[in-house]
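With the hints as constraints, model all of the structure from the sequences given.
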Amino acid sequence: MVNAVTAILEYAMPLVDDLLREMEAYLWFCSVDAASGFWAVMMTQRARKVSAFVCALGHFEWLRMPFGLKNAPMIYQRMFDNALWGFVQPKGGWRQFAEVVREAEARPLRAHCEVPATGPDPVNLPQSSRLVPIKLDAARSAHNGVDPFSQLVNSPDADMFLTGEPDESSLVPVFDRRSIVDDICFGAETFGACLAMLDRLLSRFEGCRISVSFTKSIFGQARVDFLSHQVSSGGIRADPKKLRAITELSLPASKKGMQAFLGALNYYSRFIQDFAGYAAVLYQLTDDDFTDRGDLTVARQSFAALQQRVAEVPILRHFDASRAVHVMLFANEWALSTTLMQEHDDVFHPVRFSGRVLKPSELNYHPAENEVLALLQLLKQCYVN
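Just so you know, we're using the UniProt record's numbering here: the sequence shown kicks off at 1 and counts up by one.
Hints are computed from structural coordinates only; laboratory data are not their basis. Computed from a predicted structure; not experimentally measured. For every residue, glycine included, the Cβ atom is placed at its ideal position computed from N, Cα and C. Treat the hints loosely; a few may be bogus.
[What the hints assert, rightly or not] Below, a list of computed lysine-lysine pairs in the DSS-like style, where the Cα atoms sit at most 25 Å apart:
1. 242 x 216
2. 380 x 256
3. 242 x 255
[To be verified] Have a look at the derived ranges for each label pair, beta carbon to beta carbon:
4. 253 x 345: 43 to 53 Å
5. 371 x 196: 40 to 50 Å
6. 39 x 305: 18 to 28 Å
7. 4 x 211: 27 to 37 Å
The structure is reproduced here in structure tokens:
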């Protein structure tokens, strides 16, 4: 209900294809994952009321941004982009803002720990007199004092994007790559340069109050896992575990199950040659085809062929702007298929596979015209300045 009446936050999210580009010169990689995810973002009083929920245990309000809210990914992405690129900064600068946050966090702890010098020993106090941590918002409102951190979060100056004119940031970009939500992948040609970039990133995170999950991060490796891909200096490979799960699936028993299967394959379509040609038959299936009256013979053949293609996916080389580009085009009566290749050690290696199903208005085109469409499709996806 909350998402249905929430206006979408207009903020451009990065594309996976863009994040996997320009890694051909890297020999050492780092993959950094932020800790706590969306829970690192404090909720304002209004947001707490709007996102409140009721369960068998009573009425609860989120103190930190939960997963599932419509605008949560965009808010988190905006926070990371601003931290890494230094677009704007809070009034007074990041250093002053960090000190204010630390002071607001420490003030309630000091209040709970302070005991009068002439008072009784806190260890010998009765159970009902001991101070207990305040966890729920209802208990906090009943507390005599005002929570300093909540007061800071709800201040108009806390959100630099909502204030009239935020200060221009003096920070320079950490590196020339974007992250996708809290997953950051970067690299360098030398191990020392990779560590220097990691040091700049961690220093920026310290100033912007962003924590890193050490167990989920990888530092200074020749290969890292990023967005369900394995990235190395030799190229990009699809996650073997995900591919194995796809090849072990049986033919879905419903149209919805088939759409889920095609959606999983579409994420790895850049690795699958002639994906659109084999998938065209599966895209045309209807609910009636999965009944006793339906004939799934051709669909089973296409399904098995796609699984075989998935089992044989190659490692895609990084695009090298200094090398010549070779394109192979193919078009039939219902689909387009293209292959972008570059030569390495006298062998042509694939850089990307692309294609799509023909539109109804394109089914009567001449084969040569369809090949031009295939070329335009490849240029649309792969052209860079």
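Evaluation of the provided hints:
no.: 1; hint: 242 x 216; in the structure: holds, 18 Å
no.: 2; hint: 380 x 256; in the structure: violated, 30 Å
no.: 3; hint: 242 x 255; in the structure: holds, 21 Å
no.: 4; hint: 253 x 345: 43 to 53 Å; in the structure: holds, 46 Å
no.: 5; hint: 371 x 196: 40 to 50 Å; in the structure: holds, 48 Å
no.: 6; hint: 39 x 305: 18 to 28 Å; in the structure: violated, 44 Å
no.: 7; hint: 4 x 211: 27 to 37 Å; in the structure: holds, 33 Å
Against the hints set out earlier in the document, violations occur for numbers 2 and 6.
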